[in-house]
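Asks: Listed below are the residues making up each chain.
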Amino acid sequence: MLTWILRRVLAVVPVLFGVTLAVFSMLFLVPGDPVKMMLAEFVTNPDQVAQMRAQLHLDEPILQQYGRFVANAARGDLGTSIRSRRPVITEIGENVASTAQLAVAAMLVAVGVGVPLGLLAALSRNSWLDVASMGTALLGVSMPSFWLGLLLIFVFSLHLTWFPATGGGDLRHLILPSITLGTIAAAIIARLTRSSMLEVLGQDYVRTARAKGLGGFSVVVRHALKNALIPIITIFGLQFGNLLAGAVIVETVFSRPGLGRLIVGGILSKDFPLVQGTVLFVATVYVLINLLVDVAYAYADPRIRLGRA
Amino acid sequence: MRRSCPWRWFASFVALTLLTLMAPMVPTAAGQAPGTLVLGLDQEPPTLDPHASPSAVTYQIIASVTENLVYKGADGKLVPWLAESWTTSKDGRSVTFKLRRDVKFHDGTPFNADAVKFNFDRIVDPKFKAGGSRAALAGYAGSKVLDEFSVQVSFETPFAPFLTYAASGPLSIVSPKAVRESGDLVHTRPIGTGQFMMKDYVAKDHTTMVRVADYKRKVPWSDRSGPAQLETVVWKFIPEAGTRVTTLESGETQGVYNVPAQSLPRLEGNQALRIEKAPWPGVPRIWLLNITKPPLDDVKVRRAINYAIDKDAFLATIYKGTALKAGAPLTAVMLDDPAVRRVAWPFDAAKAKALLGEAGWLPGSDGIRTKSGQRLEIVLNAIEYGGGPDPTAQIIQASLQEVGIDVKIKAQARPPWYEDNYRCATHGPVMFLRSTDPDGLFALFHSSLVGGNFNWSCVKNPKLDALLEQGRRESDPAKRRAIYVSIEQFAIEEALAVPLVDELSVWAYRSGVQGVKYNFNAYPILGDATLRK
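Protein chains in written order, with our numbering: chain A, 1 to 309; chain B, 1001 to 1533.
Check the hints yourself; a few may be wrong.
Said to hold, decoys possible - Cut-off 27 Å, straight-line C-alpha distance, at most; resulting in silico cross-link-like pairs (DSSO-like, lysine-lysine):
#1 B:Lys1410 to A:Lys36
#2 A:Lys36 to B:Lys1293
#3 B:Lys1129 to A:Lys36
Hint data in this document are derived by calculation from the structure and do not stem from the laboratory.
Computed from a predicted structure; not experimentally measured.
This is chain A alone, in the form it adopts within the complex (with noise of 0.2 Å):
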């Protein structure tokens, strides 16, 4: 098992040398002189667009750059924001509890709306209910979040007055965006249960379940559930990606704080520093939650460590 999970943490080391190459190559692939881009709001003299370029280092060789880049980034210095001139690790130090608030809120809501969903539509194969639970999945699969967001914002903050339309705090602020982020995580949760669920409901052992004589709802939650939930766990760990993704248009609309805000701001401000150490950061989060999962897979399921190691 250890030398399995060795093995795992070693193939990060690649990914994340790959993505500091992406996220540094950023800076040259967009067309134009990055430095004329960050000062383009202000009549400048060349003086001072040589100051920000040696200031950025962008009058050393590429090569230097780059070495300079993940040596400071491995020390867990991203460089300073062009536009707040503080250091991007502070900013994003302030804005990561909002954003794990807001995704774990958001998982929350797709694992328990998710795997009920599936459930039910599983146990009644081809009724109405299987047919209802799956088009309200294929609806939230479907809707842009944007769009729920600002329906939700209509229906609850101005109608209804429930909640309020912005800002971060407490549970009430939490909960209209945790439903816009989490529905379409819910929608695949609950299919993808009910495909398990059904493939493991034929299995032998359920049957064997059945004929010891145990209740359904034992055979059900005790013997079924508990194979059927193993994919879910790998699920779960692409779908955190995809919610830390959705986050910068939650946070946007709901006027949230958080990384997605920050990386928006960046972009919009053309404070390269600022984007390049935020998705730095939620890339490096990205593949180690998914190291994670991989782990706890393997855990849970003894067959691919075996299988493997």
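Following the hints, complete the assembly by docking chain B onto the known chain A.
Replies: Relative to the frame of chain A, chain B by itself:
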């Protein structure tokens, strides 16, 4: 034990969730005390330090927190504020301010000549990363403290725009002690001398300012002495326009900035709300015509384009009450002179066609004009915002189609858009510029700024350069005005650009909000504002 794994996984997930939800949270702006006004802004300021900020949103927030040596109201007149009086030296290179003696910063330290010197020296300090403030002190030579309440500010060459800039946000005065001692807080808690002081700042969410109870002076925009009427003002950062408007309708905010044109008719029809508009100073939404690129090197074609563009179409389709027709390269609030209005181009398609004919461009078989076998094609440089090119580009295209000009819209991301402007590669972009002094035209038309910001008409004309330089030097207001009238006339007659619309700063308030005033920058000042629930 291993068999129960998925359940343990799920349980840890639930536990983690609960822990996260219970974690100490960002303080909320909701649950306001009475006397609290909540305003929604379209963006978050990069910093609240007036000297470091490159962004208008900073000055929008701190307009009632920091004060300036002079004040420029909506009528455009300069009046005393922190300075009681001032005199400009004969050579125009220095201005001597006599300061008020009864002013203290919010941290209790006194405001005096040393403080003024510290502020201006700070802006030009090479170690300090100044924002828009640096250009406001172009050619700054130094400040001399004459006595405790007199200071002389000098420039290397005469710099007439200085007094106007001294009235604007970037040159507002902050406490030297706070700058020296507050470290990082300097970005979120500027210490000024105004009727409000900053209280807290929550990134990406809101910032709060509270009234200074012992404020005794009379502010220039009011006929009343003493502190602000409101206890507290909360500025919420709500970037999404639809959400921002909804918070006003639901009462979560009592005022919002930057009302989208498409929501304006609905809000105007709502009895519980009121719309207020203030004209932006500076350069209007304008199409800078690249006069170096054929066929725009022919003044007849440029004049024909000015005749051909139907500005009413802009107001009817895009701006819907958030703008007025523009006629000159400065907005009407900056300079509205009959001599300029007389030469402005009216919409007249027939004259446009006649001029194009005179220039040798004759109608072709497909309706587009040709000359020596070449089609009359113009490339308009436009920013692609994600939902298609700038809508103003499409109206220009439709207007010019009518007179036989084929406009190709080069819709692209911002960086290459800038590059094309620097290289004079297209027939010019549509842009705007906010500036409180007519010297803003220097950036637009001086030959030294071709290839930089913002001479994108690519004009290099000695007469125009001389006028622009003269405008910078001339300190007599009447003579200065005459210079800028000449510059505007020149720019219009040579058709260096097509002024499209003067945009307005649009605010919507709940009807209980009264008494908001606007300075020349079109930023709201809240000292006299009141709130009735």
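Asks: Verify the proposed pairing of lysine 36 of chain A with lysine 1293 of chain B, using a straight-line Cα cut of 27 Å.
Replies: holds (23 Å)
Asks: Is the straight-line distance between the alpha-carbon of lysine 1129 of chain B and that of lysine 36 of chain A 27 Å or less?
Replies: holds (16 Å)
Asks: For the pair supplied as a hint, lysine 1410 of chain B and lysine 36 of chain A, confirm whether the alpha-carbon distance does not exceed 27 Å.
Replies: With Cα atoms ~20 Å apart, lysine 1410 of chain B and lysine 36 of chain A stay inside 27 Å; holds.
Figure legend: structure checked against the earlier numbered hints; every hint is met.
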